[in-house]
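Asker: Residue strings, one per chain:
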Amino acid sequence: MSLSREAIVEGLQRIVGPEAVVTDEKVLVESSVDNFRKLQNIFDVHTLPVPAAVVLPADAAQVAGILTWANENGVNVIPKTGGTATEGGLESAVPDSVIIDGSAMNKVISVDPYNMQATAQCGVPLQALEDRVREHGLTTGHSPQSKPVAHMGGLVATRSIGQFSTLYGGIEDMVVGLEAVFPNGETCRIKNVPRRAAGPDIRHIVVGNEGALCFITEVTVKLFPYFPENNVFLGWTLKDMKTGFEVLRDVMVNGYKPSVARVYDPGDAGVHFSHFAEPDDCVLLFMAEGAATVAKATADGIQAIVDQHPECTQVPSKYIETWFNDLCWGPDKILAEDERIRQTRNVNRTTEISADWSTINDIYQTAKARILDEIPDITMMGGHSSHSYINGTNMYFNYFFNVVGVGPEAETEKYYLPIISIICEETLKRGGSIVHHHGMGKARAPWVKDEYGSSYYMLETLKKAFDPKGIMNKGTIFPI
Amino acid sequence: MRIAVSFKVTPDYEALRQVDWARVAAGGGAGGAEARAEATRYVRRVFNVFDEAALELALRLRDARAERGLETSLAAFSVAGREAEPFLATLQALGFVVARVDAEGDLDFAPAATAELVAACAQRLVGDVLLLGERAGPGDSGAVPFLVAEALGRPCLTRVTGIEPAEGERLRVTFTTDDGSARATVPAPCVLAVGNAVVSMLRVPTLRDRLAARTEQAAVLVASDFAGGGAAAHSGEPAMLTDLEIIDRSRAGVVVGGATAADKARALYEDHLRARLERL
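As you go down the protein sequences, you meet chains A and B in turn.
Numbers in our numbering are just positions in the first sequence, counted from 1, shifted up by 1001.
The letter at position 53 of the second sequence is residue 43 when you use our numbering, and the numbering goes up by one with no holes.
Hint data in this document are derived by calculation from the structure and do not stem from the laboratory.
A hint or two may mislead.
As the list claims (entries may be wrong) - Stretch by stretch, here's where chain A covers chain B in the computed footprint (C-beta under 8 angstroms, at least three residues): (1) 33 to 41; (2) 71 to 79; (3) 188 to 197; (4) 241 to 252.
Stated by the list, open to error - Computed far set for chain B versus chain A, every beta-carbon distance over 10 angstroms: (5) R58; (6) G85; (7) G129; (8) R162.
Computed from a predicted structure; not experimentally measured.
Backbone N, C-alpha and C fix where the C-beta goes; we use that ideal spot for every residue, glycine too.
Here chain A stands alone, though its shape is the one from the complex (with noise of 0.2 angstroms):
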């Protein structure tokens, strides 16, 4: 028999005190989402059960005594620290579930510039702790467009990945060592080395776990020196997506590591730069930056390579520079967004996968020409690729669509879910993966035996040894 409302309420008060649980009915209905249901959150339209509670340990010992207790009585708690997830793994997807919200553990414990490496609470905003390292000429390297927002516990649990990852990788590359609390109350401390061979890397097992195997309470990430007098922008237009693969395959087979390198399709370009781009163009750009030969050598090198493509037309840098400067989102860009969906209700949406050389563009071409032809009401349909590898490369799918003939609470049913079913299958079609960052969700969930085949069994394994009671974020990466 489930406990009740307030019965959740005074078992969380008995660990951290009444005045870190929170049960305002506003915050709590908030809570319920994350921004895979963004146009309700604009329309204030919800659906989803709604929380019993949102509790804020003030550390490591009060998260352990919260899930010790939540194992206990069989009650559903969803990990969440800075709430910028985008595929509904912060949804409570059962009644009575239990937000534990890491913000209130929000210390930057250390920064070692000599270990290179800096270490921070799950609640630490990522843009306090970069700001905190540039006062020391370094750059933790990780800059997702929700920099500003974002937290370092989710960040490391979705296994996300920055703009810059082409360089700097992405976080399962960055993360030295991490606590995690599991649902028994086991608190784990992975230590700080560069590297080892002691058996399996267990650092994997957390990153990336999306709350569904335990809760993040500190990162130790390392650090890169910053050198952002001598980056170097690229520009280039050209005709065909096919093209701009092949050039991003040729820059990194080569060994070439920017920090930046992508190439928009025309609908994507479209949307940042009509001022230089013509409507059929594709945008092919990179930014080099490190030391000063490091920056220079690789935009030579990449300039070489671009060169041998005629139907490549260089633009000037200054193009590529200023949109740089303007990537990230804080909560500005986040609230003009909200207020032209509100009154336009045209929605952007995304869903990025990855696969190999051969086959990412073949991805993209049919994924596309399905959903053109079968979703209704696109106002644009078009992507990205934004992290490359040696052995290939993201499709970051970027769509708009009007919202007509239904309210807001069925925006994912008739647009958002269609789409992504059409893309997960094309990708899966292929052998590639149907999420290269935002994590699985609850809104991937029901590909997940797709996406790992035989190795399925090792997923189900680590969830059933980790969280048995299966009270970690239901519905998250296991569907219900």
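Mind docking chain B on chain A? Use the hints.
Answerer: Just chain B now, kept in the frame of chain A:
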């Protein structure tokens, strides 16, 4: 009813950095056009916010009239170069007949010359009702709507925030006053200058709408097509821009620091509030 909307495409000023604003300011005076253009050349273009509101209000008026069985034609034009073309394509997809007028020179801070071209274009497009934003861009004088109305010999209503159909071919117009807002019933022809409307963002055409409109080309006119031809730009202006200065809107303040929110709250209390509270 034939509605024409004059709109301007501007740099996305929100994307300018402080150093770019300084370069814009350095382009004060009629001879500074190149400096101003260079400072804003690399940011994307957007509809001027007031003109965007005017365009959406025109569409809503058309829709409201259609519900009453009344026919409305829409036209939109811009005194602009090629940078306006993506915007004209969007407006075509939304059902506007579009045109642009190549000014063959810089018309920034030249309201008389701008108004002359806008009025001439409105007459060429035969609009019963001309909508336009009440001003465009930082430093804009807001004189163009008045000068246009004067050139056309039409009444002008400003600070417009809403437009609805009224009896016959009249319009019920909501506008802002110093005390709040008011409404007036206005006959066509007229000039309506749109201000801080709540409805401020243009609807978005679907890709199918865009494909269907692609066969039509925007009419491209040049200033010399019109009598006067905009030759009065700057030389014939009643007032000349001599200088641009950034208005410093920063407020005196102290940043309260601390490692945690608790530390900051303690510092705020100890350093700034306690003494004041004790005095109360």
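Asker: Each of the hints needs a verdict: does it hold here or not?
Answerer: Consistency of the hints with the structure:
1. Counting residues of the region 33 to 41 of chain B whose CB falls under 8 angstroms from any CB of chain A gives 3; the rule of at least 3 is met.
2. Only residues whose beta carbon comes within less than 8 angstroms of a beta carbon in chain A count, and the region 71 to 79 of chain B has 3; three or more means the coverage holds.
3. Proximity of the region 188 to 197 of chain B to chain A, defined as three or more residues with a beta carbon under 8 angstroms from a beta carbon of that chain, is established by the 9 residues found.
4. Residue count for the region 241 to 252 of chain B with a Cβ under 8 angstroms from a Cβ of chain A: 3. That meets the three needed, and the coverage hint holds.
5. Every C-beta of chain A lies more than 10 angstroms from that of R58/B, the closest at about 22 angstroms, which supports listing it as non-interface.
6. Here G85/B stays apart from chain A, with its beta-carbon at least about 15 angstroms from theirs, past the 10 angstroms limit.
7. With a closest Cβ-Cβ approach of about 21 angstroms to chain A, G129/B is found to remain outside the 10 angstroms limit, as its non-interface label requires.
8. Separation of R162/B from chain A is adequate, the least Cβ-Cβ distance of about 21 angstroms exceeding the 10 angstroms criterion.
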